[in-house]
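Chemist: Turn these sequences into a full structure, and let the hints steer you where they fit.
2 protein chains.
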Amino acid sequence: MHKIDISMGKDLFEENDKIAKENNELLKKKNIMAVDFMGSIGSGKTLVIEKIIEKLLGKKKVGVIVGDVTGDDDYKRIKKYNVPVVNINTGKECHLDAHLIEHALEDIDLENIDVLLVENIGNLVCPADFMLGCDKRGVVISVTEGDDMVRKHPLIFQISDFVVINKIDLAEYMDVNVDKILRDLETIAPKKVFLTDARHDKGIDELVDWLIWKKN
Amino acid sequence: MHKIDISMGKDLFEENDKIAKENNELLKKKNIMAVDFMGSIGSGKTLVIEKIIEKLLGKKKVGVIVGDVTGDDDYKRIKKYNVPVVNINTGKECHLDAHLIEHALEDIDLENIDVLLVENIGNLVCPADFMLGCDKRGVVISVTEGDDMVRKHPLIFQISDFVVINKIDLAEYMDVNVDKILRDLETIAPKKVFLTDARHDKGIDELVDWLIWKKN
Numbered sequence: 011m012h013k014i015d016i017s018m019g020k021d022l023f024e025e026n027d028k029i030a031k032e033n034n035e036l037l038k039k040k041n042i043m044a045v046d047f048m049g050s051i052g053s054g055k056t057l058v059i060e061k062i063i064e065k066l067l068g069k070k071k072v073g074v075i076v077g078d079v080t081g082d083d084d085y086k087r088i089k090k091y092n093v094p095v096v097n098i099n100t101g102k103e104c105h106l107d108a109h110l111i112e113h114a115l116e117d118i119d120l121e122n123i124d125v126l127l128v129e130n131i132g133n134l135v136c137p138a139d140f141m142l143g144c145d146k147r148g149v150v151i152s153v154t155e156g157d158d159m160v161r162k163h164p165l166i167f168q169i170s171d172f173v174v175i176n177k178i179d180l181a182e183y184m185d186v187n188v189d190k191i192l193r194d195l196e197t198i199a200p201k202k203v204f205l206t207d208a209r210h211d212k213g214i215d216e217l218v219d220w221l222i223w224k225k226n
Numbered sequence: 011m012h013k014i015d016i017s018m019g020k021d022l023f024e025e026n027d028k029i030a031k032e033n034n035e036l037l038k039k040k041n042i043m044a045v046d047f048m049g050s051i052g053s054g055k056t057l058v059i060e061k062i063i064e065k066l067l068g069k070k071k072v073g074v075i076v077g078d079v080t081g082d083d084d085y086k087r088i089k090k091y092n093v094p095v096v097n098i099n100t101g102k103e104c105h106l107d108a109h110l111i112e113h114a115l116e117d118i119d120l121e122n123i124d125v126l127l128v129e130n131i132g133n134l135v136c137p138a139d140f141m142l143g144c145d146k147r148g149v150v151i152s153v154t155e156g157d158d159m160v161r162k163h164p165l166i167f168q169i170s171d172f173v174v175i176n177k178i179d180l181a182e183y184m185d186v187n188v189d190k191i192l193r194d195l196e197t198i199a200p201k202k203v204f205l206t207d208a209r210h211d212k213g214i215d216e217l218v219d220w221l222i223w224k225k226n
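As they're listed, the protein sequences go chains C and A. Position one of the first sequence corresponds to residue 11 (this note's numbering), numbered consecutively onward. Position one of the second sequence corresponds to residue 11 (this note's numbering), numbered consecutively onward.
These are computed hints drawn from the structure, not numbers from a lab. All the given hints hold, so there is nothing to weed out.
Copies of one chain are not kept apart here, so a pair can be met inside one copy or by any two copies together.
Here are the simulated BS3-like pairs of lysine-lysine, each with C-alpha atoms no more than 25 Å apart in a straight line:
(1) K102 - K28
(2) K65 - K224
(3) K70 - K39
(4) K86 - K190
(5) K201 - K102
(6) K190 - K102
(7) K190 - K90
(8) K86 - K102
(9) K190 - K201
(10) K190 - K89
(11) K38 - K224
(12) K86 - K69
Modeler: Below, the structure is given as structure tokens:
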């Protein structure tokens, strides 16, 4: 986060947490389970969400909020599934916040969805500070980011409920040791971990089982 | 960047720009050419810097400043080249700023380096707003981040002098079209572009020729 006056920063976070709590109460009232997907640019957040939507087609009604600094690339990718989707362009902000979600929720028919998937801005630092009001928060990382990213960005893993290590099919082409990532997670932020290759639909069933069907 | 009071935000940026200018004047006085390497987590910034150091061994005296939220992984990677290196841990900050660089410069013997390479925090949003006082700013992106990252983060490319598209050897394993990235750059931010595969030492000579030897 940027340096801000401490008193002001405190107000900013307090205000955010207050709205996040209200968002969560609204979602609970409507029986909607919401997940905040954080993670770096290109880690595969959108594709993981797309695959989850595919798995839930005809079983659960999914709504999506996609956050990007600018543009509607991810929005279009989700739109093709014919599910309710809201695009948030933050302009220069490096994270979503509860207030942006509050407004996005006004644009979704909450009576008509069971699951809300939120794609946060591509960033491993700032989103950690801003709760959105989701039931679960997860980080999607990719093996192509290197095997030191957990040690380098411990906070976002520590405040998350689960971690998706994506693009595991590419580990063999990279100098990346997945076991090292797993060991770092075990030490720094022991969370539920999913190994996925979203492009080839590997590991997504396990994620959906845990996230949606509450198996394991 | 985070939302901050406009008047306060203005002061913050003005103050940063002022210190950046002072840093640049100091570096110029010492005949040091400085480069700010920005880019997302895992794009290969550290490895690109390592390869540049290798190319310059015995030809130019290199100093390095590495920025990370936490830890000293990158610091250690640079240290092995036996060049002066300063590690900046920002704690929760998602970018380096001129003030941090000002202090880092106090820890380097400026009489004894010709080239300063600065590795910014892994982030495609926030570093764009904070000049450090370097002569050139560049973005290192990786094909594994997908081919839409220029459209999604135009500002950082627009304020840069050059762009390194790294890990081009992996393009064939990904659904990534390098030409699409090049077209987006041409439209959104026409800059000097280098295609590199730092791991296999491809394209680094061209980058060093342009950056250090001023060829092309």
